[in-house]
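Enquirer: Those sequence lines, one after another, are chains A, B and C.
Per our numbering, residue 1 is the first one in the first sequence, and the count goes up by one each step.
Per our numbering, residue 1 is the first one in the second sequence, and the count goes up by one each step.
Per our numbering, residue 1 is the first one in the third sequence, and the count goes up by one each step.
Keep in mind the hints are simulated off the structure, nothing from the lab.
These numbers were taken from a predicted model, which means no experiment stands behind them.
With a straight-line Cα cutoff of 25 Å, these simulated BS3-like cross-link-like pairs (lysine-lysine) come out:
id	chain 1	residue 1	chain 2	residue 2
1	C	K282	C	K309
2	A	K171	C	K120
3	C	K282	C	K316
4	C	K502	C	K178
5	C	K200	C	K178
6	C	K432	C	K200
7	B	K260	C	K309
8	C	K345	C	K432
9	B	K260	C	K345
The residues making up each chain are set out below.
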Amino acid sequence: MFDFLLDPAQLTDFLSTGLRLSIPLIFAAMGGLVCERSGVFNIALEGQILFGAFGAAVGAYFLGTPTGGLGFALLFGALSGLLLAVLGITLRVNQIVIGIAVILFSTGFTSFMSRVLFPGSGNSLKLQGFGPVAIPYLSDIPVLGPVLFSQDALVYVALLTVVAVYLVLFKTRIGLSIRAIGENPSAADSAGVPVFRLRYACVIAGSTLASLGGAYLVLTQVFLFSDNMSAGKGFIALAAIVLGRWQPQLAFLACLLFGFFDAFQLRLQFNHPEIPFQVFAALPYGVSILALVGLMGQAHPPAAVGRPYDREMR
Amino acid sequence: MSVVGQPSVKAQTPSGAEPRAGRVAQSLIKFAFMLKTVWAVLAALILGAFLVQLAGGRPVAAYSALFEGAFADYYGISSTLVRMSPLLLASLAVIIPLRAGLFNIGAEGQIYIGALLSTLVALYLPEVLPSWIHVIACIGAGALGGALWGLIPAALKAYRGTNEIITSLLLSYVAVYTVGAVLHAWLMEPGAPYPYSREIPDALVLPTFLSETEAHIGVLIAVAAALVIAVIFRQTTLGLSIQTVGHNPHAAVYAGLDVKRLTLSSFALGGAMAGLAGAFEVLGLKYRLFDHFSPGYGMQGIIVAFLAALSPLGSIVAAFFLAGLQVGAGAMQRTTGIDTTMVEALQGMIVLFVAIGLAFRYHPERWSRRVAAWQKPTQGE
Amino acid sequence: MQAVPSRISLEGIVKTFGGFRANDDVSIHVAEGSIHAILGENGAGKSTLMNIIYGLYQPDAGRILSRGREVKISNPRQAMALGIGMVHQHFKQVDTMTVTENVVLGLPGRPVLNLAQDRKRIIDLAQELGFDIDPDQPMWSLPIGMQQRVEILKLLYRQADLLILDEPTSVLTPSEIKPFFNLLSRLRSSGRTIVLITHKLDEVMEMADRVTVMRLGRVVANIEASETNSRELARLMVGRDVIFDVTRTPPRIGSPVLEVADLVATDERGLSALNGLSLTVKAGEIVGIAGVDGNGQRELAETIAGLRKASAGTVKICGQVADRLNPAERKRRLRMGFVPEDRQKVGLDLDSDIAFNMVLRSFRLPPFSRHGWVDFAKIKTHAKQLAERYDVRMRGVGQRARDLSGGNQQKIILAREMEDEPELLIVSQPTKGLDVGAIDFVQRTLLAQRDRGTGILYISTELEELLMVADRLAVIFNGRIVGELPVSEATPERLGLLMTGKAA
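Kindly produce the complete structure, drawing on both the sequences and the hints.
Expert: Structure representation (structure tokens):
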């Protein structure tokens, strides 16, 4: 079962598949983590991945370049974040309800619009995507070279995102403020932190990051758009945030865990055609649940997450 | 006992002396707030019209085809009723736990496990029982399957504190794949072009209540279930207990309620409703267990629940309406060429606008002050 | 009138919440370099006014002048820029962060943090003030008096020269108050202006240069402290002659109704909160639990009431071991009433109506329900009777509990917990946040209940209140009773020593 790990070619293949499957999770988890750290529960990650994917397809199709796709994906992600922020921060609607509403909206809207905008629906598209970028010298290292240094641009962006989120949250003044508004917005407000503006910024930035996960799916993996192609990744990302105890570096590892598990089950599917593939396909979801259950006991979310701030509340 | 020198610091609402025009204005405003859901649906329909236009269709034609197909004739209505059954049950699966403050967004999975258990009982329980008992056993198995699947996230929530939103949804994927795997491995009819099971015995098919249609009695059972749930919430200690947990878990503990048990029972009851939906799809409509048989009833149940403002009775109306949209979508596509997914977009916009509507609440005091302020200048003249 | 220039002036400030005028045409001038007390009972509008100065609330009318220049303060950042700093009654700090992080939070500066440098400056400043603070401790681990020092340090770190302190002594033990006042004097002599919000007359007389008395949102007097006395201030504050002379008869003490032995329990964070606490309450007496907030009071009440599990020790109620009974069973079978500290979060279901809240702990029993069916008519009549008896001011029993004032909410809880003539009553901070009228009502009601033979455990952080109501005092420190004494022998000095664990 594990003998492929000994063969360099197969190992390289396995590792890079695992990394690729982790990328959408990483984008979504980092986006969700930024939102939750600022005290806003973003359960809509699933929908934002989908919006990102759809935006990427629209941009790449109509502008003809992957960069255009990226631009539209970012735009759609930011808009979904703005929607979430207006409803959840300013109008103080229950953030879980909004999140679910955004997910349902994204599913219906993108399904229909992909049929309207793309000839023969999004499934038959052959979009132009990003190709791999090999980093000179480093990509020649055996096994690790092809895995880490001969990837698509968005893979590097995802890895940089993790570093950036970590540095911003823990090494900068604004990061201190973000963590504070997620724990105790009233205290932060009293200390002079602009709670509303900062939460808006975090939600919009976080949502945009999540949409990059969708853009990655379309622009470097499948080059087409299909209905509901986020397939629960947003929820696995939510599980990764919890599993990573709201620490970017740990959440990143959790995403890798889920991604590699996915790669592993794909390999099992391929090697064991006699077993129904669904048995393996269900594994990543099951493992996410088990991971959540196993580690939930010690994890504490930011204290104010999900609770809209109202300065004049009495 | 009297309060010594109790200073009256409470709000002084404008007294009843306000003029009649003011009272009328205020009741109109209140009424407008009560129709919030209607406004949300209208807003979605208007935006939907733009989408139709964008798709190169004529909105009026599309909508009339849609609503005629769903509500205009005997067959349309019967199809709508058939579609309403799973939507209504799925919405109950969302509403019951949500009254206890728990989000069940995994009704889809509960539907699949319900359908699976129901099918197994239909196909493998020896046919020695009178058929009506066998049918009841199939229905019961469906409810049981849904309840058990619902108990998983509930138990994880109650005993481990695991977020039920994430687990219930992830469990849906596991359920769908489980049904697929069981079909592939054992249940699949040999030579079938698509994974589906053998047909269930004729004796186990649910009777219909409208002649020459597919309107099976599962529809009636679903409506009855909604009525029962409404009574539970209005009249029983169980309903009040669940509601207290939903309002304030700390106060519930103080009241001596067993919060863990209520978490489990509300989720199990909700899951049972979803399981029924799965059983009826097999016993009343398809007569087989199909892979991927649900077009997302579980998620659509959430839309129905919000549209009904979490009222079980309101769910009957909301489910009927949403079912009509889905049934009419086919007619719309046939006559105007607008793709059926237009209705999915419409549903998405409906739920979004309903969510936006939650931000606007009617505050009697605030409005009576505003109305009074509007009237002041005119009174001076 | 104004020999000294005004540091901050408020003119005609109006602030309404819903229909309620929290501040009504308030004008105050605070002289530079003075200690200015704002005196008033709960609900007089003091905190609202201060939140307006600090930019947290926006006034509906009126203007603010800082050093004679009209300013608009729309958020705390602008207040800080004007040199204004505030310590709220409930400290505004992020518990999970360290002292340094809390002090630095919200300060402008270079985008990249340099906490090491801030840390050093904090140590210097603390030394200057005579504070013994470890800047690396997380905030939650500090005792509450230390947290207050951090809050003050935070303001001075921002170079605030106008300090607004909201009920600062409420978290201090009697022995900590003197050094605190010395600190205030030193701050004044260094040229800073201090606004002291309080409802304690002796503090005003001891510390303030000038005092503004507020009642029901209005200013009723602006006077020099040297030209007045406690009696006049009390009359101004309450609007009538008050001497808190709750008439009381000597207790008729019966057999024990509560016996707590070697109780051990932990708080939410799993830290030990009760460390082998023992205590007895007898029928017909009020036992007051005195102590600085956070020494296990809440956990003690919750453990006795059945809301929290004890990890060791026993609780006997009316001679029976209660350990396995849930809160409702303790009420019904062991005849124990419980008025929790947090009435909104624990004591009531705010989103339900008054009628339901009156039966919150008994709606599953006859006569309010039978075989699972609820009898709403019975619940309603029951609620109407109780509401009348306890004088709950409301539109009707169908009104939501959320829409009632704190005093009326507390009456619902008292009515519910006392209507079935309990043998034992646990009351936790029963007057917190209530106005004078409601406080009076609560205390009289409890005393009357004592006279009917109920044993009452009265937990409060307000010493004056305990001295007035209790027959016997037990001092709690660090999750243990460190001393018991009859009220007649209790002096603030003696209690103060016990409360800080310095005398056994």
